[in-house]
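Participant: The chain contents come next:
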Amino acid sequence: MFFITYLRRELRRRMRQAIFIALGLALGIGLVVTVTAASAGVRRAQSDVLKSLYGVGTDITITGKAPKPRLPGSGFAKGGQTFEVGPGGAQVCTKGKCRDAAGQRIDHLDGGSYSPISQSEVAAVARLKHVKAAAGGLALSDTSITIPTNFGQPGGSLPTPNSFSVQGVDTSQLSLGPLSAGTLTAGRSLNGADAAADVAVVDSGYAKSNKLKVGSTVKIVGHRFTVIGVVAQPQGGSPPQVYIPLARAQALGKAAGKSLKNDVNTIYVGATSAADIPAVQAEIKRLLPGDTVTSASSLASEVTGSLSSTARLANDLGRWLSIVVLIAAFAVASLLTMAAVTRRVREFGTLKALGWRSRQIIAQVLGESLALGIVGGAAGVGLGFAGAAIINAVAPPLSASIANSTGQQIVAAGPGGPGGPQNFAPTATHTVAVPMSASVTAAALVAAVVLAVVGGLLAGSLASWRIARLRPADALARVA
Amino acid sequence: MYRLNDVTKLYAKGRQTVPGVRDVTLAIEDGQWLAVQGRTGHGKSTLLSLLGGLDRPTSGTIEFDGQDLALLREGPVTRLRARSIGFIFQTFNLVPTLSAAENVEAALIPLRTGAAERHRRVNAALESVGLADRARHLPGEMSGGQQQRTAIARALVKEPTVLLADEPTGNLDEDTRDEIINLLEKLWRERGLTLVLVTHDTAIAQRAQRVGVMNEGLLTVRPADRAG
Chain A
1 MFFITYLRRE LRRRMRQAIF IALGLALGIG LVVTVTAASA GVRRAQSDVL KSLYGVGTDI
61 TITGKAPKPR LPGSGFAKGG QTFEVGPGGA QVCTKGKCRD AAGQRIDHLD GGSYSPISQS
121 EVAAVARLKH VKAAAGGLAL SDTSITIPTN FGQPGGSLPT PNSFSVQGVD TSQLSLGPLS
181 AGTLTAGRSL NGADAAADVA VVDSGYAKSN KLKVGSTVKI VGHRFTVIGV VAQPQGGSPP
241 QVYIPLARAQ ALGKAAGKSL KNDVNTIYVG ATSAADIPAV QAEIKRLLPG DTVTSASSLA
301 SEVTGSLSST ARLANDLGRW LSIVVLIAAF AVASLLTMAA VTRRVREFGT LKALGWRSRQ
361 IIAQVLGESL ALGIVGGAAG VGLGFAGAAI INAVAPPLSA SIANSTGQQI VAAGPGGPGG
421 PQNFAPTATH TVAVPMSASV TAAALVAAVV LAVVGGLLAG SLASWRIARL RPADALARVA
Chain B
481 MYRLNDVTKL YAKGRQTVPG VRDVTLAIED GQWLAVQGRT GHGKSTLLSL LGGLDRPTSG
541 TIEFDGQDLA LLREGPVTRL RARSIGFIFQ TFNLVPTLSA AENVEAALIP LRTGAAERHR
601 RVNAALESVG LADRARHLPG EMSGGQQQRT AIARALVKEP TVLLADEPTG NLDEDTRDEI
661 INLLEKLWRE RGLTLVLVTH DTAIAQRAQR VGVMNEGLLT VRPADRAG
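Note that the protein sequences, when read in sequence, are chains A and B.
Its first residue numbered 1, the first sequence is counted upward by one per residue in this note's numbering.
Its first residue numbered 481, the second sequence is counted upward by one per residue in this note's numbering.
Extracted from the complex, chain A is given alone in its bound form:
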């Protein structure tokens, strides 16, 4: 009780200095809590992005290697339909046969970004050790262009491509792949009975922008698919827009003009445990040496855009800024506590003359510093919550980009290469808008408590060392 009374009175006596020390510690701790909250928010955003790209439950994704880009003059893909502008005017060519393009419509369902993988490889992957399940998928893009009738004439219109992504889903393995990450908002999802049906589940964003609902139809390379469900993906990501049964995607899709029947271009793999992922990844690389094998962690390293920049900012600049402010706060607290002890040399000398042991006086001083540290820590937690709230209020939505094909492949003869087809938009970057939500985690609160205690003890330790060395006769001689 005496200890508490003495501590309270002393801190009240040097109230301004105590407030200054506590505020300094609060600023440092508040910054740490804010940066930790921001980092946690960014990590959560990254995780959501990966989920939207990857699917819940999917540990590893295998994609067919990227096809070689078609070079100018390399001719037409077998069975492909191309749009060319040459000396004879604009033409649409199918299997080498060309006709006037005016008023024509080109429609592709193409998986051109990834080379096909035989469906038999899905079963081979599923048989590997530590693999819980494997599902094949087809990432395709439906691209259509209607050539205006006045195209090529003076003042004529330019064709505008219309494109949306289509995902072929293995209806017998719905726990893997991008559809697994979604939440059904209307209707029902695909099931085993839909394997050969012309039914589709559409993404909520795509449904909204195209005014689609359960019972509506979507046209995929001229085939009508009935919408049976609407699904929302996490964090407003940019997932596939239309999900159809894998068998139907295989029947309608093409890659470089070749049918994708019995092919997939993505295999989603679930491992038996997180610890097995590296081993499974290595086994798959041995089994499918030409294909690309990515895990969630390796995919995370490929994410770019403002989300990635913010992650670096929070992890690097934020961390170092917090450390610098904390060191400054600790140094100021130590110096001010030292100054306070210097002013109290006479008091401590008197206490020693009364028979107080050095450790009793040190405990008193450390107690005072610790109390300031705890007050500073509490204020720092408050500042941290405020900082997180400010970030949530003012931070613009982040974007995450990852090199990913939408499957669009529009070939055109441009002015730079007459006579040969050119890639108009061979691949695209998959960009996801991510709202950032910084929230103070339990770990941040624990860190704040630890920092408060450490800050308090550090501030008092230098002064304590001085007290331990203080000779009472010297202290009292200063009084005389």
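FYI, nobody ran anything at the bench for these hints, they're computed from the structure.
In this text, a Cβ means the ideal position worked out from N, Cα and C, and glycines have one as well.
Misleading hints may appear alongside valid ones.
[As the list claims (entries may be wrong)] Some chain B residues flagged as far from chain A (calculated, every beta-carbon gap over 12 Å):
{"id": "1", "residue": "Glu585"}
{"id": "2", "residue": "Asp613"}
{"id": "3", "residue": "Met622"}
{"id": "4", "residue": "Gly625"}
{"id": "5", "residue": "Gln626"}
{"id": "6", "residue": "Leu644"}
{"id": "7", "residue": "Asp681"}
{"id": "8", "residue": "Asn695"}
[Unchecked claim] Derived, one-sided and incomplete: chain B residues facing chain A with beta-carbon distance under 8 Å:
{"id": "9", "residue": "Ser529"}
{"id": "10", "residue": "Leu534"}
{"id": "11", "residue": "Arg561"}
{"id": "12", "residue": "Ala562"}
{"id": "13", "residue": "Phe567"}
{"id": "14", "residue": "Val575"}
{"id": "15", "residue": "Leu578"}
{"id": "16", "residue": "Glu582"}
{"id": "17", "residue": "Ala586"}
{"id": "18", "residue": "Ala587"}
{"id": "19", "residue": "Ile589"}
{"id": "20", "residue": "Pro590"}
{"id": "21", "residue": "Ala595"}
{"id": "22", "residue": "Thr700"}
Fit chain B to the supplied structure of chain A, relying on the hints for placement.
Facilitator: Quick look at chain B alone, frame taken from chain A:
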């Protein structure tokens, strides 16, 4: 009780060594009152620090109840000070943030006395110096005389056998000075204390049983020419 043999205390001042006290040999019996006089800087306070175990001699022995303070480690000296030796200072040296009662209580903290017992002894000590009604006052709210009486209560609350007073009336006016000296003399008589009192005031020194004079660190002791 005290036996000092050839006690010398040297201080380093830059590259020079300056004697605080030199070759002091002295015996102070239980219950005796020794007044120490001398000019400023001639070793009075140094002698008091050595007697209180606040400092150690450069050479010689200081026996207190058969124990040589020069050889005891810091812990036992601190414990001895906590139990047996009370200090009174010229500038009172009260903790400014603590009330009169809490200042007195501070002297009982090293003895690990229980809270109830501390409370009882603090009240009794303040009553013995006539400050029962000022227990809750802070030092800044009291006069110099009241502060010094609080300091006396603080020195005596642990019931020491020795009281070391370093110019206890140096900061007080004449009336208060007499009041404090009368109080000290009364307590000395009632409690059978050994009292070593440093003073510039010859009138006060003459009230002691023996008077020592410090001159350039050397001590000369003679019986006091007591008035009454």
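Participant: Please name the hints from earlier in the document that this structure breaks, with their numbers sorted from lowest to highest.
Facilitator: Numbers 1, 6, 22, in rising order.
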